[in-house]
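Chains as they are written, first to last, in this note's numbering: chain A, 1 to 249; chain B, 1 to 317.
Keep in mind that the hints were calculated from the coordinates and are not lab data.
Some hints could be false.
Selected chain B positions facing chain A (in silico; Cβ < 7 angstroms) [as the list claims (entries may be wrong)]:
#  : residue
1  : Lys96
2  : Asn97
3  : Ala104
4  : Leu106
5  : Ser109
6  : Asn175
7  : Lys177
8  : Asn180
9  : Glu239
10 : Leu294
11 : Phe305
12 : Leu306
13 : Glu308
14 : Asn313
15 : Thr314
For glycine and all other residues, C-beta sits at the position ideal for the given N, C-alpha and C.
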Amino acid sequence: MKILVAVKRVIDYNVQIRVKEDGSGVVTDNVKMSTNPPDDNAIEEAVKIKESGKATEIIAVTVGEEKAQETVRKALAVGADRGIHVKVDGNIEPLAVSKILKKIVEKENPDLVFMGKQAIDDDCNQTGQMLAAHLNWPQATFASKIEVNDKSLQVTREVDEGLETIEVNTPAIVTCDLRLNEPRYASLPNIMKAKKKPIEQINASDLGVDTNPRIEHIKIEEPPKRKAGIKVASVEELVQKLKNEAKVI
Amino acid sequence: MSVLLIAEHNNKEVKPFTLNAITAASQIDQDLHVMLIGSKADDVAKFLSEVPLVKKVLHIDHEIYENYIAENYTAAILKHADKYSHIICSANTFGKNLMPRVAALLDISQVSDIIKVISPDTFLRPIYAGNAFATVKSNDEKKCVTIRPTSFEVAETTGGSAEIEKIDAADQTENTKFINREEIKSDRPELGTARIVISGGRGLQSGENFKLITDVADKLNAAIGASRAAVDAGYITNEHQVGQTGKVVVPDLYIAVGISGAIQHLAGMKESKVIVAINKDGEAPIFSVADYGLEADLFEALPQFLEELNKLNTIQK
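For reference, chain B alone in the conformation it holds in the complex:
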């Protein structure tokens, strides 16, 4: 049987994590179909059909899908679920919201947030904020799985020519209404996919002081992250939070500034390739995961850091 991946998109573009989920799904079974539930999203359908790992695109086009509502998506997925051995999506706020609703109605015990496909029924997933790894085997006949996007490569997006099959919409819920979405537009790379991330914590002491972080981020073309403490304190908005209940990032370089390194924060960044910690408390737990630790006052160190970067002839982008 084939596997079914649910695409995340905004009717114009597919969201990048769908491409990581495609890689994971194709490791479960190569006969991978992608379901696109949207409104006037023909461009997205075409894009997905050109992803070489995708064997078929199921396209549901109806105005009720202009905004993503889990209840409506679930009804659409259930109409086609019987043909598939696995239903898969990314374990970000999109998939976390959607998949359990689908799984419950199929009477499946979902496997959340996998970081490795061991076999079509056995997966590796982090538990306890990544402080333990569990190898789990699903004994349900059909499986619902969400994928930690940063643990899988981005799929190639050109060269494929999958068939696009138009399928019917399902019923619309009357009990949930989309009101609005406040997206903060930024020219910076996205936190989840950036090559370099620089994050600030409580040590920044104020929202204004985050400018020290943004200046360095601009220089390095980095995304900006934050600890939960910094978000709770209102220094920066929620979509920047890295950690167990925020985003998981795996950049080539992660720079933690004024972050003590609570277990919950480490859960979101400790798989990064190179970790730098700048903190004036030499005993801070963040140093235990840092490749390079600098014990210093961030208010002195960050301007110096920028100055040193400015001296370099070239900076990798």
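In isolation and in its complexed conformation, chain A is listed as follows:
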């Protein structure tokens, strides 16, 4: 079984976002970038499945600018066998990414495609479902547990009401939740080894996919700030404030 894992390079989750003054976006110069957190869970799950003997090859793929390759390199360091970097500059929407990934799936014929359930930059939560739609494959989104059977997966999904379990036939798309597993750190020897693993570079324009944005970003602005609060000295004072000042209890 072959598993394709899609990863995205995003601003690190610990970075306090700063909005550009001209309203054109957020500051990305000299800002720490990392792999989108749930994409790390997607890679980890693929590696665990391979370690259990149920998968033979893991391919990590990313779509993005030159430096996006770093996320593929990191995936190689934790256990992916080879990488693909589809190069494209500028803002690219989930719809276009999903069309590019479809081309990669058609080329590589994986049995499973894993990725994070949402990217923490645009918070769209679309790419996996869109890829499943383009391929007419089943989708198991927000997965917190995956059981691999012969020709199917049993997936536990985190939903608003609690947990839902579905069975999907392979080939299938799974989008991963942060609670799926605990991503491992890459060891130094594995980071060195990863440098020798191959990363194939493909230009998005060679895939025949229209990557022009359909959504115009008219303005990016800071959200309204909350007015500064106060510290109360005691529980008694807190309850009195909530009752008489805020009038919420």
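Following the hints, put chain B in place on chain A, whose structure we already have.
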């Protein structure tokens, strides 16, 4: 052209967020049709037809829709999509799972999780965990939009009399099977719609200690939330998680206990009307969004808090 809203329901009742999404959808266009895809859900159809903002209910009734499977819903929606300018649903796990599948097959770049309708093609949506707001304009001819429910009022539910049109089912997928759903039944208000939410974090140190939170929740008739750290640690189940990858809540009162206030948690609660933080670390980032901060050991403060509440003659419900 009319707008089409996809209803979320369990064949007996409509889920509350559908009513927030109805309000948003009607702001895009008043000719609002609601599609109900279900099995023996006549009561839900009747309920929706009485919502004054709804102009028509499209009811697909077939046993294949007993459980919600995105693949089956998508096929049903696509059969009718050409008549509508917008397809809309709520941006909870229901809509997040469904809408991109619909959008991709219509070749539409979806606008996710909007918090404001500026015009029928322009919307406001949070990005980067709510640390920036983007005004976006969709240039697709038809639009697929998901709505952040807590940013819109609940629609009135009585007084309307929309026509209910029965429409045909679509094909069923053979590749996805529903197995089961573990819903934790609770008499408490739902997290997404509660007037008061009290949340616990890593500071609680164990699942047993969450009893300190539940005692206060019972007194205030509050829903119980949690930080991702508390859920990851197994103190409480996933449906309680508030934050960027969990639920977004906007209660009148949010009480954060033993929660440091990571960016990802703030994303889910910082629009709350009044925020209280109880934390023994005076430097914790949660205090930067709190209207009332109490620097204290929660194991002492929570029992005292309950005691003070018990002294009050009345508590708003």
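Do the hints match the structure? See the list:
1. Taking 7 angstroms as the C-beta contact cut-off toward chain A, the hint placing Lys96/B at the interface holds, the least distance being around 5 angstroms.
2. Contact between Asn97/B and chain A, as hinted, is supported at the beta carbon level, the nearest pair being about 5 angstroms apart and thus within 7 angstroms.
3. Checking Ala104/B against chain A: minimum C-beta separation of about 4 angstroms stays under 7 angstroms; hint holds.
4. Interface hint at Leu106/B: violated, since its Cβ lies 9 angstroms from the closest Cβ of chain A, which is beyond the 7 angstroms cut-off.
5. Interface hint status for Ser109/B: upheld, as the beta-carbon distance to the closest one in chain A is roughly 4 angstroms, under 7 angstroms.
6. About 4 angstroms separates the beta-carbon of Asn175/B from the nearest beta-carbon of chain A, less than 7 angstroms, and the hint is met.
7. The closest approach between the C-beta of Lys177/B and any C-beta of chain A is roughly 4 angstroms, which is under the 7 angstroms cut-off, so the hint is satisfied.
8. For Asn180/B, the interface hint holds, the least distance from its beta-carbon to any beta-carbon of chain A being 5 angstroms, beneath 7 angstroms.
9. With 7 angstroms as the threshold, the beta carbon of Glu239/B comes within range of chain A, its nearest partner Cβ sitting at about 5 angstroms, so the hint holds.
10. Interface hint status for Leu294/B: upheld, as the beta-carbon distance to the closest one in chain A is roughly 5 angstroms, under 7 angstroms.
11. The closest approach between the C-beta of Phe305/B and any C-beta of chain A is roughly 5 angstroms, which is under the 7 angstroms cut-off, so the hint is satisfied.
12. Because the beta carbon of Leu306/B sits about 9 angstroms from the nearest beta carbon in chain A, more than 7 angstroms, this interface hint is broken.
13. With its C-beta approaching chain A no nearer than about 4 angstroms, Glu308/B sits inside the 7 angstroms limit, and its interface hint holds.
14. The beta carbon of Asn313/B is not positioned within 7 angstroms of any beta carbon in chain A (closest approach about 10 angstroms), and the interface hint is therefore violated.
15. A hinted interface residue such as Thr314/B counts as satisfied when its beta carbon comes closer than 7 angstroms to some beta carbon of chain A; here the least separation is about 9 angstroms, so the hint is violated.
Violated hints, listed in ascending order, are 4, 12, 14 and 15; each of the other numbered hints is respected by the structure.
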